[in-house]
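Chains as they are written, first to last, in the working numbering: chain A, 5 to 759; chain B, 183 to 348.
By construction, these hints were calculated from the structure, which means they are not laboratory data.
Note that the Cβ used here is the ideal one computed from N, Cα and C, for glycine as well.
Be a bit skeptical, because a hint or two may be false.
To be verified - Just some of the chain A residues that point at chain B, by a computed CB distance under 7 Å:
1) Asp493
2) Gln494
3) Thr692
4) Phe749
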Amino acid sequence: MKKLLVAILLTIFSTSLFAQEVEQKTAPQKAHYNISKFKQLQQELPTPNNEHRASGAPGHEYTQQQVDYKMNIVLDDENQKIFGEETITYHNNSKDNLTYLWVQLDQNMRAPNSLTSEIKGGGPDPLYSPSKFAKTFMGKPFQGGFNIEFIKDINGKEVSYMINKTMMRVNLAKPLASGENYAFSIKWWYNINDYIADGGRSGYEPFPDGNKLYVIAQFFPRLAVYNNIEGWQNLQFLGRSEFALEFGNYDVSITTPKDHILNATGVIQNPKDVFTPAQYKRYEQAKNSFENPVFIVTPEEALEAEKGRSKETKIWHFYAENVRDFGFASSRKFIWDAMAVKLNEKTVMAYSLYPKEGNPLWEEHSTRAVANTLKTYSEFTFDYPYPQATSINARRQGMEYPMICWNYGRPNEDGKYTDRTKKGMLGVITHEVGHNFFPMIVNSDERTWTWMDEGINSFVEIYAEYKYDPELFPLTKYPKDITRYMSGDQSQLAPIMSQGEDLFNFGSNAYGKPAAGLFILRETVMGHKLFDQAFKTYAERWKFKHPTPADFFRTMEDASAMDLDWFWRGWFYTTGANDIGIKEVKKYYVTDKPTERAEKMAKRYGITVDKLPPALYLISEDSASFTDDLKSKKPEDYNLLSNYINDNFSSEEKTTLKAPKYFYELVFEKPGDLVMPIIVEIEYKDGTKERKQYPAEIWRLNDAEVTKVFPSSKAITKITIDPDEQTADINLSNNSWPKKTENKFEKFKKDQIKG
Amino acid sequence: MQFKKIIIILVAVPLFSFTMHKYYVSLCEIEYVKEQQSLQITLGVTLEDLEFTLNKNTGKQLNLASKIEAKNIDAYYKKYLNKHLLISVNAKNQPFKYVGKEYDGDIVRFYLEINDIKTLKSIEFTNNILIQEFEDQKNIVKIKVNDFNKTFYLTKSNDKSSLKFQ
Chain A
5 MKKLLVAILL TIFSTSLFAQ EVEQKTAPQK AHYNISKFKQ LQQELPTPNN EHRASGAPGH
65 EYTQQQVDYK MNIVLDDENQ KIFGEETITY HNNSKDNLTY LWVQLDQNMR APNSLTSEIK
125 GGGPDPLYSP SKFAKTFMGK PFQGGFNIEF IKDINGKEVS YMINKTMMRV NLAKPLASGE
185 NYAFSIKWWY NINDYIADGG RSGYEPFPDG NKLYVIAQFF PRLAVYNNIE GWQNLQFLGR
245 SEFALEFGNY DVSITTPKDH ILNATGVIQN PKDVFTPAQY KRYEQAKNSF ENPVFIVTPE
305 EALEAEKGRS KETKIWHFYA ENVRDFGFAS SRKFIWDAMA VKLNEKTVMA YSLYPKEGNP
365 LWEEHSTRAV ANTLKTYSEF TFDYPYPQAT SINARRQGME YPMICWNYGR PNEDGKYTDR
425 TKKGMLGVIT HEVGHNFFPM IVNSDERTWT WMDEGINSFV EIYAEYKYDP ELFPLTKYPK
485 DITRYMSGDQ SQLAPIMSQG EDLFNFGSNA YGKPAAGLFI LRETVMGHKL FDQAFKTYAE
545 RWKFKHPTPA DFFRTMEDAS AMDLDWFWRG WFYTTGANDI GIKEVKKYYV TDKPTERAEK
605 MAKRYGITVD KLPPALYLIS EDSASFTDDL KSKKPEDYNL LSNYINDNFS SEEKTTLKAP
665 KYFYELVFEK PGDLVMPIIV EIEYKDGTKE RKQYPAEIWR LNDAEVTKVF PSSKAITKIT
725 IDPDEQTADI NLSNNSWPKK TENKFEKFKK DQIKG
Chain B
183 MQFKKIIIIL VAVPLFSFTM HKYYVSLCEI EYVKEQQSLQ ITLGVTLEDL EFTLNKNTGK
243 QLNLASKIEA KNIDAYYKKY LNKHLLISVN AKNQPFKYVG KEYDGDIVRF YLEINDIKTL
303 KSIEFTNNIL IQEFEDQKNI VKIKVNDFNK TFYLTKSNDK SSLKFQ
């Protein structure tokens with residue numbers, strides 16, 4: 005095998021003039037399919053059709069269902085229950101007749117008999133609180149899950165339905181034809197979970213004085229997506245892989261205790277009813293405050309409100325257009341501040357609601373971080389199309405819904421906080437507000453592809469955070485932070501292109517790795533200009549639509565004229581990692597005497613050496629026929645070359661000719677599975693440095709090792725591969741020539757003694 | 183007193199399962215360098231989770247890696263590491279020397295060393311760092327001896343492993 009390799013290499017490096025010697029095979033070799041890492045992705049990607057085009061754009065037959073909701077919700081603070089009655093209008097825009105609809109009952113994941121607890125393996129917990137013990141072992145589980153009181157059509161007639169865990173099939177009396185609507189009502193209630201004790205993406209946080217802070221989401225029966233990818237997307241909700249939802253208009257009234265402050269997806273339709281006159285005035289004033297946030301509900305008002313327990317109620321009326329979901333947060337404890345944000349073509353509002361426990365961190369940063377996120381993401385994609393974005397402070401939460409999200413981050417009780425607390429809070433706000441773009445607007449299927457929203461969002465998040473605070477969020481972390489994960493044991497890795505429930509290290513797999521991959525594409529492979537245009541094209545093509553991974557991969561290539569199939573294949577479809585090293589550096593000098601290789605070549609042709617055409621040769625320093633006098637010779641010392649130059653170039657041209665003195669052969673090795681560009685930093689004897697980047701395609705014909713001849717007028721003293729760690733190289737021990745003998749541990753130890 | 187303790191534990195056990203961003207992994211690289219007769223241990227731990235744990239254990243706000251960090255922080259680290267990272271070499275418990283620590287973004291990296299290991303016949307290790315507080319915590323242990331590499335994943339149900347060289 006090795007011999008054959010050498011033969012192949014020789015053919016590549018000599019010219020095609022010379023015939024190849026036929027190797028004697030000892031055993032017949034096995035054939036193989038195309039195993040090139042540059043093989044196009046046609047077999048992996050679905051066949052394009054008139055809904056999802058080969059260009060990655062939506063096709064002329066692309067359709068999408070619309071679902072509108074009109075809901076009356078009652079929040080029972082005293083008993084931690086929520087009641088709702090909703091009328092759903094389903095618009096069948098598909099070309100198909102539907103005989104049933106699937107409705108998602110996400111709260112059933114918290115029901116005592118849920119699939120989530122059944123499929124969770126593992127031994128006993130390290131410790132059990134009494135309540136957890138009773139819940140787990142003594143038949144007293146939390147009575148969560150939906151209680152459906154009725155499902156009726158618009159004539160008040162009962163509708164038949166069947167519940168399978170978190171999915172409910174609503175049977176239609178007659179098929180719903182293409183282009184028709186169907187309206188029906190559901191009445192329901194459920195017990196709200198204490199998410200601090202029982203976990204969950206929503207629920208309430210109890211405070212020692214009895215007050216509660218509610219963050220309420222996936223709280224109403226919601227239609228599943230019907231499309232030409234999955235049919236009905238009715239994969240069960242197990243708690244981790246998030247949601248797939250249709251766009252529609254929401255008209256929602258929420259009844260709360262009179263002393264509660266609430267915000268939700270959409271815009272308040274009755275601000276004068278729910279705010280005091282002073283609050284309403286500030287609510288309006290905030291619309292012109294572009295520099296600093298202003299209070300709508302002041303800390304003093306919140307402090308006053310949390311003392312009461314009003315028995316009276318009030319109704320908050322919201323309307324939200326073209327959203328895929330609805331969430332709200334409510335508490336007596338909320339302080340509310342607001343700021344206007346000017347985007348390219350429009351002005352939107354940034355809001356934050358937080359209890360006093362969030363201060364001074366929240367009044368300082370939350371709304372500003374929301375504004376910064378909307379601006380940065382709008383530059384990468386499109387102007388934020390919704391009227392507002394809200395950040396809610398909820399302990400230990402980080403979860404997104406259209407226009408509203410829950411974010412953790414609170415100072416110590418004495419009001420002090422570390423940079424890390426601040427960083428965590430800014431990070432989560434940027435991340436969750438950023439989710440408005442992916443997936444709330446560019447609406448990928450989260451249930452199947454966690455990376456499409458988490459990964460793409462985490463990628464843009466990098467730049468938004470950097471813009472907010474470059475010291476706290478340096479870009480140099482990326483992509484090298486992912487190498488820890490990518491160098492892990494293969495049995496603990498899954499390709500990015502895996503369903504969310506099947507991932508081992510969820511965070512790294514679905515957030516960190518895709519984000520790092522896109523970062524490499526933008527910073528190293530494509531460059532900002534090509535990447536940004538293609539990325540924007542993807543966002544614009546698929547806003548308010550349901551893109552698939554193929555639509556993203558295809559658009560990025562279609563809009564940039566870059567073949568990235570090798571990148572998608574390696575980074576997204578495999579668990580491979582990058583490891584490129586410098587294996588060997590050989591020095592060559594110029595001679596006019598034929599080298600051994602030239603002699604061999606002549607022999608192969610059956611000619612004598614003197615019959616070779618006049619030529620110069622590069623001879624390796626370690627070659628047997630090398631003599632020391634060659635070291636002092638420059639190429640132009642040979643008449644053969646100087647005559648040629650004199651005959652062919654004007655004196656003006658001659659001044660621009662380079663006169664290399666040294667010739668290096670650089671041998672790069674690639675123990676890693678991935679292909680990546682080779683970034684080489686060359687340091688010369690005089691201390692100057694030079695950078696050279698070879699495209700990933702350099703590995704096309706040899707996946708293990710490639711060689712480059714590098715001419716230079718100065719002697720090279722040091723070579724470093726990927727000096728800025730731009731390519732997620734998991735093993736840096738082979739990245740230097742001459743080889744570093746000291747490992748990281750010894751270097752640290754030495755510095756420690758010095759310091 | 184008993185009652186108070188229970189409360190603290192209850193409050194302290196976080197159910198982070200749905201919080202985004204989290205990566206409950208520590209990485210412990212153990213390399214045997216024969217020329218130095220030394221076992222070099224590099225251990226990277228998520229700062230946020232370690233702070234949570236140490237604050238809980240000590241009842242103090244240690245404010246790791248910040249301007250207001252507790253002054254004798256290395257003493258807290260040493261104490262914690264000695265309790266939760268146990269290594270025995272050639273069937274003999276071996277205390278490690280705390281060479282130092284470095285902060286690198288969201289993680290703290292500890293450098294620990296066991297000296298005078300003339301030959302390495304076997305190594306046994308327990309690593310239950312952060313496991314009590316974070317039930318999804320995984321502690322990766324990578325052993326490197328010359329060209330030999332092996333990776334172990336330690337979890338709450340299995341926080342111990344060993345390796346023999348013949």
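### Task
Against chain B, run the beta carbon of glutamine 494 of chain A and see if the smallest gap drops under 7 Å.
With a minimum Cβ separation of about 9 Å from chain B (threshold 7 Å), the hint on glutamine 494 of chain A is violated.
### Query
Can threonine 692 of chain A be said to touch chain B, with a Cβ gap under 7 Å?
Check failed: Cβ of threonine 692 of chain A comes no nearer than 30 Å to chain B, outside 7 Å.
### Query
Should the hint that phenylalanine 749 of chain A touches chain B count as held when the rule is a Cβ pair under 7 Å?
holds, 4 Å
### Task
With a cut-off of 7 Å on the beta carbons, see whether aspartate 493 of chain A makes it to chain B.
It holds, given that the least Cβ distance between aspartate 493 of chain A and chain B is near 4 Å, below 7 Å.
Hints 2 and 3 from the earlier list are contradicted by this structure; the remaining hints agree with it.
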